[in-house]
Each structure stands twice: as C-alpha cells, then as structure tokens.
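Could you use the hints to bring the two separately framed chains together as a complex?
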Amino acid sequence: DTGVSQNPRHKITKRGQNVTFRCDPISEHNRLYWYRQTLGQGPEFLTYFQNEAQLEKSRLLSDRFSAERPKGSFSTLEIQRTEQGDSAMYLCASSPTDREAFFGQGTRLTVV
Amino acid sequence: GESVGLHLPTLSVQEGDNSIINCAYSNSASDYFIWYKQESGKGPQFIIDIRSNMDKRQGQRVTVLLNKTVKHLSLQIAATQPGDSAVYFCAEKDPGTYKYIFGTGTRLKVLA
Chain A
1 DTGVSQNPRH KITKRGQNVT FRCDPISEHN RLYWYRQTLG QGPEFLTYFQ
51 NEAQLEKSRL LSDRFSAERP KGSFSTLEIQ RTEQGDSAMY LCASSPTDRE
101 AFFGQGTRLT VV
Chain B
1 GESVGLHLPT LSVQEGDNSI INCAYSNSAS DYFIWYKQES GKGPQFIIDI
51 RSNMDKRQGQ RVTVLLNKTV KHLSLQIAAT QPGDSAVYFC AEKDPGTYKY
101 IFGTGTRLKV LA
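So the sequences go chain by chain: A and B.
Just so you know, the working numbering puts 7 at position 7 of the first sequence, and the rest follows in order with no gaps.
Just so you know, the working numbering puts 7 at position 7 of the second sequence, and the rest follows in order with no gaps.
Looking at chain B on its own, in the form it has when it is part of the complex (with noise of 0.2 Å):
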C-alpha cells in the first residue's frame, strides 16, 4: 500500500544550528499531513500540519515545507535546543480513509 517514508534515519545537529528533516510519501491524492515529536517513553506529540493547498506553513521555530511535484515534506527546526532531541515522524492522512500513515522516523540529537 501506499507509505510515508524518511530519508535519513539519524540526524546530528550542533545547538543553535538549524535542523532539517526530510521526509517523502507516495500517494499524490494525499492532501494533509502531519508532523510528531516523539520523546522516549512517550506519546508522539503533535508539532505542525500541512493542508496540500499550502507550500509552507510556521510555528514557533518550526517550518513545514510541501512540495507536491516531488511529493516531499520537510520539517525545519530553527535554533536546535537540546530539548528538541527526539524522534520524529512525518504522517499523511490516507485519503478516503480515517487513519494516518507513520513512517518509520528520524532521531534529531542535539550535540551540545
């Protein structure tokens, strides 16, 4: 079926650069998606979203970019605090059905 998938499993970044997180799904009907945090022993945590009528959407030190030519979604994360290390996952909303599609994420640890 169709998936959301990442690029790069593991991204090291120094505090107080900025991050990027890649991500690219499959299915070009999709038309919201969703971007988690996820701390260990923890509930993934709702970041930002996108609709498909959006290119770019921001939030608090965090950006979301939407290119629907290549299907690829990407989370920015301005000034890199040592409390954004976590585990992150972008997730598409399957279309014609009520569930979301989790990749498989990307670990973002903050060197201090």
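Isolated chain A, as found in the complex (with noise of 0.2 Å):
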C-alpha cells in the first residue's frame, strides 16, 4: 500500500496522559497535513507542514498539541495532558502540491 499510513489506528487513554500519532505520507508529498475530526462533523485543520517546516497551525490547537516532522518524512503529533474532549479521529494528508490532498485511515483517540 502506498498510500498514507498513519499508526495506530487506534488508542484508548487515561485522561491526563500523554499520547503519540505518527504519519507517514506517500513518498516524495513534501506537503503533509493533520487534521482532526469528531462524530457527524467534517474534519477541522490543525496544522501544515511544508518539508519540514511547519508553517502553518490552526489558532484552535491548544499548547498541549505538538506536531514535528524533522526529516521532511514521516510525522508525529503529539497529545499532553490528554482530556476527554480531544476523544476524536486524527487524519493525517500529504500531497505533492497545493491542491489534491489525500488522505490515511485515521488514528481513532479515546480518553477515557
């Protein structure tokens, strides 16, 4: 599959702890995004990265939310201090330009 791969798929946590994603888009996308998306909703931007430089991140994403991606590959988000409201699925896109973007299955959180 060469698609865009995101691990896990999913993860049960305890408020209060920290959590991890990792995206892996498809080979040669220089642009990657990460979105985030809760039941019946459409998914909402959290931030951008062009190579390895995040130039852009939604004024919605609290402290607790960092994102890198140091080699211009593969990314990391990460959750601290997890709460119950951050219970959603976290999507991960790349794409080679500024247009078409496409999408991994998701990595579903649940803070319990």
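I should point out that these hints are in silico values taken from the structure, not numbers from a laboratory.
One or more hints might be untrue.
To be verified - When the alpha-carbon atoms are kept at most 30 Å apart in a straight line, the in silico DSSO-like pairs for lysine-lysine are as follows:
{"no.": "1", "chain 1": "A", "residue 1": "LYS57", "chain 2": "B", "residue 2": "LYS42"}
{"no.": "2", "chain 1": "B", "residue 1": "LYS56", "chain 2": "B", "residue 2": "LYS109"}
{"no.": "3", "chain 1": "B", "residue 1": "LYS71", "chain 2": "B", "residue 2": "LYS56"}
{"no.": "4", "chain 1": "B", "residue 1": "LYS42", "chain 2": "A", "residue 2": "LYS14"}
{"no.": "5", "chain 1": "B", "residue 1": "LYS68", "chain 2": "A", "residue 2": "LYS57"}
In this text the structure is predicted, and so the values were computed from the model without any measurement.
What follows is the structure, encoded as structure tokens:
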C-alpha cells in the first residue's frame, strides 16, 4: 500500500496521559496536513508542514498539541495531558502540490 | 470565519438513479474546491476537484459544477451504485492559507 499510513489505528488512553501518533505520507509528497474529525463533523484543520517546516497552525490548537516533521518525511502529533474532549479521529494527509490532499485512514483516540 | 456548508444532511436515492449533492461556500475569493467521499471508519477519499476558473469538470461517473455567482458547488453521481453509499464532503481551499475548510457532510444512502 503506497498511500498515507497512520499508526496506531486506535488508541485508548486515560485522561492526563500523553499520546503520540505517527503519519507516513506518500513518498515524495512534501506537503503534510493534520486534521481532527469528531463524529458527524467534517475534518478540522490542525497544522500544515512543507518539508520539515511547520508553516501553519490552527488558532484552535491548544498548547498541549505539538507536531513535528523532523526530516521532512514522517510526522508525529503529540497530545499532552489528554482530556476527554480530545477524543476524535486524527487524520493525516499529504500532497505533492497545494492541491489534491490525500488522507490516511486516521487514528481514533478515545480518552477515558 | 468563512465556512463551507451543505444543504442536505442525508440523501437517499434508488440504485441506478443519479445523485446530486449540494454545497454552499461563503468566501467568494476561494479558488479551489475538492469533493471527498468518506466511508465508515476510513479517511476521506479524493473524488474530484475544480478550480474557480472552471464551471464544470467531469470524472468517471462524477461531475462537479461550480456556480461562483451564488457560491454554490454540486457533485453529481451518475447511475448511483451501492458502493457509493458514504458521507460526502466538499472542501474549500482557504485563500491565503494552507488549509482546507470542510463542511459537515452529506450522507448518501443508496436503496436497492
């Protein structure tokens, strides 16, 4: 499978714990996005990378959220001190241009 | 802020009929739009896109129409099949940023 890969697919964590998700974009796609999606809603933008540079972050993104793309390939999204409101599907997408973003299957986070 | 919305949350069609899914956008400066299909438990799947310098674009069994005068976008699916059952989102490229803005989606149900 040469699509966007996300791991883990599911994560259950206790409130207050830290979690980290990984995204492997399509090879040679220099653009990478993180989105969050709650049930019944469309994806909500979190952050954007072009190569290793984080060029945009949502104003809604709490300080507990941090994302990295150290070598311009895979990316990680960390949530510190998780809260129940963080429960959602976290989606990663990649693109070779500023168009046609291709999404992965997502990581479903449940905070209990 | 600007947002993308949909008129109908659920659309039921008979197998073999044509489907039309509508979307309204609010930012007249937006110049790029994408339709995504999302099946349960999966990430959004790119269907078709259109730039603002076009009124119509056709793919395989799908057509996207853009009416910039009334800021309206539609997705037409010809000869709807059971495999078309999913939630459909339109996404708008937010001008001057890197993000896509999604609406809440329309659920398409194909009746046998």
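Okay, the hints, checked on the actual structure:
no.: 1; hint: A/LYS57 / B/LYS42; verdict: holds (24 Å)
no.: 2; hint: B/LYS56 / B/LYS109; verdict: holds (25 Å)
no.: 3; hint: B/LYS71 / B/LYS56; verdict: holds (14 Å)
no.: 4; hint: B/LYS42 / A/LYS14; verdict: holds (24 Å)
no.: 5; hint: B/LYS68 / A/LYS57; verdict: holds (29 Å)
In summary, this structure violates none of the numbered hints.
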